[in-house]
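Chains as they are written, first to last, in our numbering: chain A, 1 to 580; chain B, 1 to 170.
One or more of the hints may lead you astray.
[As the list claims (entries may be wrong)] Within a straight-line C-alpha distance of at most 25 Å, the following computed SDA-like cross-link-like pairs (lysine to any residue) qualify: (1) B:Lys7 to A:Gly9; (2) A:Lys8 to B:Pro18; (3) A:Lys98 to B:Arg103; (4) B:Lys149 to B:Tyr137; (5) A:Lys98 to B:Tyr137.
Source of the hints: derived by calculation from the structure; they are not laboratory data. As the structure is a prediction and not an experimental result, all values here were calculated from the model.
One letter stands for each residue in the lines below.
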Amino acid sequence: MRKWIRWKGLLAFVVVTALLAFFWLALADGLVRRGIERTTAFLVGAEVNVDDADLTLSPLGFVVSRIQVTNPDNPETNALEIRRMAFTLDTAQLFMRKTIIEDMSVEDVALGTPRERPGRVYRETAEEVSPAPGEGTSWFQVPDISSEDVRKAIEEANLETVKSAQALSDEIENRNEFWDQRIEQLPDEDRLQEYQARIDALGQTRKGDLGALLRKGTEAKDLYSDINADLNLLRDSYRRFSEDYRTITAQVGGLSELPAQDARRIAQEYGPSAEGIGNISSMLFGEQVGVWVERSLRWHERITPLLERRALTAEEQREVSPPRSEGIDMRFREHAPVPDFLVRKAAVSVLTRGRTLTGTLANVTPDQDILGLPTTCLFSGENFEGMQGIRLDGTFNHVDPSDPRDMVRLALDGYDLRPRDLGGEVLPVELQQGILDTGLTAVVLGGSVDADLDAAVRSARFLVRQADGQAAGLSAAVEKVFSQISGFSLNVGVSGEPEDYAVSVSSNLDDSFRDVIDTLAKDLAAQFRMQVTTALEQRVSGPINSVEQQAGSLERIDKELSERISFTEGLLKSNVFSLL
Amino acid sequence: MLYTLAKVLNILNSEADPSQISLAIAFSLIAGLTPLMSLHNLVVLFLVLVLRVNLSAFLLGLAIFSGLAYLFDPLFHAAGLSLLSAQSLEGLWTSMYNMPVFRIARFNNTIVMGSLVVSLILFLPVFFLARAGIVRYRSTFLAWMKKTKLAQAIWASSFYKIYASLPGRH
């Protein structure tokens, strides 16, 4: 047996074990530092730097110095920087591979600090989401008379007018031809002269000849009948002609009105109107609100792994291929369940606007279902530089992972707004100053977002800039409205799923603008209609004049028929009756 | 490569007991196939140091089996997963899961469990096969080799100089 025992080996084992323990202690600082860097970077999706981590043995804990978390949206700045973080660990739970932090202090958190060098971004951030297009983005458009759309519309309208003129011209020509032919068939001058000759012949009948007198009477009666028949024919034709003539004249008159009708249609279609304008609030604040909402949702998505651990099903565990040498840690029922990671209470101080905002975080764990308590936070402070007071409280309840309920309430008092551009390129307005009082309630419930923000801005001052291509009258009107605004209210509502939500923005600015824009729209629309009418009249004056000239040719027929009727009536009244 | 081969021959041709060499290989099988920084490997280290096993053979085996372990990881994961998922063993695993020593040992990790079980199963066969192989090598092959002209030539080569320079040869 002694042959198999190497007593010196016992000593060697003690030495090796001691060396391993020593090296572990020596390397623990670095391991923890890298652990914090990796875990936080995984959550945030961007580089995290820790200057130092010191292990303390009694009680077991760590003091971590200067944690910088890169802002993935702006890698040149830190989303947050923590000057010092200290925590103690529950040693007994460490043997069960549990990280339980009873007390943690997070000191001097600063937001948006500049980095010495840009941090790496591991996950590309989603594109900034603009506010949903729709009512908020349409704005007052004053079209240029020479613009392509309007020019094309005028051409099309011109074609319609010319077509109508052409059709009328053809109609006039047809009527001309018809009445020219018809007039040939009517009793003409020769025929009337013939009647005159017959009358003259009857007048020379001898007075003493009874037979001749009787024949004269008979012939005079026949002559009367013939002239009367022709006169009726002429009158009937003249009546029909007059109807045609009236119709044509009316159509010619209508033709001259066509350009004006077309101009009205074009003006309605392309001209400025206050009807299409959405609310001014969406236009001014929609984009900014959209960016805030998107950022908030993205940060909520990032912190969700801190609130809820997604357990693999047995099927997923079989299908998953873990990285080499890592495997999967299977979980079994614990007799006294404890979260794998828990920060029971953390005192946090945030440096902002020249003062310290203090608050607490409680029950930070991805295993809320095991702990049975939600993660909560509460921050408050007063008399900041440019802000009278702030209160933020939140509850992130994932105790039932199938029914998560997250809620954040934020109240800001006397927040000094910094100058910011609003309205984008459409309505470039700068809010130069203002003091904001606001209350926000945001709830993420069962995968849907519902947020409501009520804000009041006082001591507001705006600067309106001239937008490219904007009508001068519009700029002046907008400027006048903004110059009269010293305060306004704002309500923002967000609802829907985080991937597909709707933002509604309303404000009393909408009412201030509506009347001004209505009046302005009417003035500008009238100006535009006049421009279009003038342009159209120039284009169609030729064809219309041509038709009018054609229509004038019908007067000749009118005159001819009138003369014949008049002559025939004369024959009948003065000559034939005298014979009788 | 020459160095490794020379080291293997050095161990095989040494005066060491075949059982000591084969036990070292069997221990290296456990330490090599399972994740090195595991609690059970502290026990293996203790046994390797306290028991009079051949340390050179252990270190050499550790290097070889660690390389092989990387190839067999998917197999170990599958074996560990099926063992840890077995309904009949759930009570045992649950009890162990609630004991700190087993939690530190990470028995619930699929690769730790799979590789440990596989290496424990292979422990005795590897021990006896290695021992038999060494005995047979020394009695037949080594004795025959010494008489061949090839061996005579090798003794005159640079390889033999490396081999001869290794510690523990004489």
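Verification of the hints:
Under the criterion of a C-alpha separation no larger than 25 Å, the hint pairing B:Lys7 with A:Gly9 is consistent with the structure, at around 23 Å. Our distance criterion of 25 Å between C-alpha atoms is met by A:Lys8 and B:Pro18, whose separation comes to about 21 Å. A C-alpha spacing of about 10 Å is found between A:Lys98 and B:Arg103, which places the hinted pair at or below 25 Å, so the restraint holds. Proximity of B:Lys149 to B:Tyr137 is assessed by CA-CA distance (about 19 Å); at most 25 Å being required, the pair is judged to hold.
Annotation: proposed proximity of A:Lys98 to B:Tyr137 is violated, straight-line Cα distance about 52 Å (limit 25 Å).
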